[in-house]
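**Student:** So the chains spell out like this:
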Amino acid sequence: MEQFIQLLHYQFFMNAVYASILTSISCGIIGTYIVSKRIVFISGGITHASFGGIGMGYFFGFSPILGATIFSILSALGIEFMSKKTDVREDSAIAILWSFGMAVGVIFIFLTPGYSANLMSYLFGNILTVSGLNLLLLFILSVVIIIVFLVLYKTILFVSFDEQYARAIRLPVETINYLLITLIALTIVLNIRVAGIILVISLLTIPQTIANIFSKNFKTIIFLSIAIGFVGSMMGLILSYFLNIPSGASIIFFFVLLFIIAKIIKIIQTSIIYKTAVNR
Amino acid sequence: MTPIIELKSVTAGYEGEIILKNTNLIINENDFIGVIGPNGGGKTTLVRVIIGLLKPFSGELIYHQKTYGNGDGKLIGYLPQINKTDNKFPISVVNVVLSGLADRNNIFRRFKKAEIEKARQILEKMGIGHLSKKNIGELSGGQLQRVFLARAIISEPKLLILDEPNTFVDNKFESDLYKTLKDLNDKMAILMVSHDIGTITYYVKTIACVNRELHYHPSNNISQEQLAAYNCPIQIIAHGVIPHTILKDHNH
Ligand SMILES: Nc1ncnc2c1ncn2[C@@H]1O[C@H](COP(=O)(O)OP(=O)(O)OP(=O)(O)O)[C@@H](O)[C@H]1O
Ligand SMILES: [Mg+2]
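Note that the protein sequences, when read in sequence, are chains A and B.
Numbering-wise (numbering that gives the first Met the number 0), the first sequence opens with residue 0 and increments by one.
Numbering-wise (numbering that gives the first Met the number 0), the second sequence opens with residue 0 and increments by one.
Hint data in this document are derived by calculation from the structure and do not stem from the laboratory.
What you are looking at is a predicted structure, and each value in this text was computed from that prediction instead of being measured.
Note that the Cβ used here is the ideal one computed from N, Cα and C, for glycine as well.
Hints are not guaranteed to be accurate.
What the hints assert, rightly or not - If you want the footprint, here are the derived chain B segments under chain A, 3+ residues with CB under 8 Å:
#1 45-59
#2 164-178
To be verified - Partial selection, computed: residues in chain B whose CB lies under 8 Å from chain A:
#3 Tyr-77
#4 Thr-198
#5 Tyr-201
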């Protein structure tokens with residue numbers, strides 16, 4: 000415990016704590032949208048496509064995260080456009096962009112002479128080295144997401160529940176979809192430093208899946224996911240520090256642990272309800 | 000007779016395949032049009048054109064009353080034939096009904112107490128008031144169909160379009176539904192697609208036969224010969240309706 004309090008005096012550690020908070024807010028809200036709308040596969044596609052930008056960043060010497068941002072937004076808009084406006088099937092469009100981004104990334108990383116510093120942290124995450132700039136951007140993104148979901152809550156809910164009906168009553172379905180897919184892309188990119196490309200998708204899905212065990216209400220799932228996300232990433236962060244392992248892996252380890260605990264609680268809860276119902 | 004929507008020689012279909020040829024139709028206030036026709040005849044296509052979900056290849060679609068989302072009362076309330084919604088989606092029954100009030104001119108809107116109360120009342124009238132707080136995934140097919148009906152009428156639209164509203168629901172609710180529609184018809188025009196010709200001719204005022212072409216029949220009394228002349232072979236699929244029920248005179 001003393002060791003832990005000591006840690007709180009270090010700037011890098013406090014940055015990591017702030018990152019956990021912002022990660023759980025941004026991923027909590029956006030992830031609830033992703034899971035409810037069943038677009039986990041789209042999000043996986045966007046995540047992996049962004050690797051192309053990271054590779055190009057290394058090769059041409061600009062910020063890999065900037066490259067990832069451009070790649071992920073373009074692939075997000077590309078998937079939305081290809082699946083709605085052309086006759087390419089959505090999952091095929093995703094698969095194409097997913098592997099294309101990865102291929103571009105691999106090619107440029109192999110072409111880059113010498114050692115690609117930090118490559119591991121892009122792949123598996125390193126919450127302890129999140130930069131101040133990344134934190135600031137994550138903060139701005141979280142504020143934007145909160146505002147968007149506050150003012151557009153019902154419209155987002157209606158459009159994602161029944162797109163056909165939303166079109167029939169002339170809600171701006173296209174605008175909402177493009178806005179949200181862009182927010183998804185940005186959330187993914189800015190959380191890559193926390194969990195890594197390979198694992199970031201779980202920040203957007205496991206807390207929601209746990210929350211969904213206890214609630215079927217969109218708003219409640221958001222709040223629960225934020226709380227679960229924060230607990231999981233704080234514990235993961237501490238484990239990552241003491242064992243010197245990538246934070247993405249340690250966070251997911253705790254998420255799965257929380258998931259199992261939640262399942263057990265739920266099973267006990269249902270059996271109690273069942274027993275009282277039978278005994279009445 | 001005040002027109003609400005008018006189709007002028009509309010031709011529509013999918014990817015080059017023409018489904019509706021040269022269709023003319025005027026829907027006036029307080030109309031109650033029954034749309035009949037064989038499977039694949041183009042009834043749903045017609046509905047999608049009227050609602051604006053499907054852009055016609057040619058022809059004109061005129062909305063005479065431009066009240067689409069002007070706050071009080073929408074132009075069209077709509078019950079789709081098949082709902083492609085995901086029943087695991089985390090949304091409550093009352094919120095689904097409220098989505099019928101969503102307004103494209105005010106996407107930032109919140110719902111007032113009175114509107115939520117209204118949604119509850121409509122659900123009550125549909126016999127599922129006790130389910131209003133439930134998640135849609137916890138409902139049966141027929142209950143869900145009632146929720147979508149409630150969503151279609153909550154905005155008190157000028158025109159209510161129902162694409163086979165009697166699928167999934169039990170016959171008690173079906174006859175209640177027709178009575179409700181009759182009441183609603185005082186306030187709004189109704190266009191209802193149905194295969195149950197025997198029953199609907201009793202409630203509707205006029206009939207539109209749709210089989211690649213639209214033939215408008217300005218009465219609710221239609222004979223087998225007339226159906227044949229309209230190229231509308233529906234007695235073949237009309238389940239259990241014996242021809243004399245169709246011929247029976249329902250003047251009221
Ligand atoms: N999205 C689509 N793409 C291509 N063709 C379609 C599409 N939807 C319908 N069709 C075709 O259009 C024709 C008319 O379909 P529609 O759904 O309008 O029929 P319907 O009269 O409503 O039939 P039912 O009584 O079975 O509901 C059918 O032949 C169908 O194959
Ligand atoms: Mg149909």
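**Student:** Give a verdict on every hint.
**Tutor:** Tested hints:
{"no.": "1", "hint": "45-59", "result": "holds (count 3)"}
{"no.": "2", "hint": "164-178", "result": "violated (count 0)"}
{"no.": "3", "hint": "Tyr-77", "result": "5 Å, holds"}
{"no.": "4", "hint": "Thr-198", "result": "26 Å, violated"}
{"no.": "5", "hint": "Tyr-201", "result": "28 Å, violated"}
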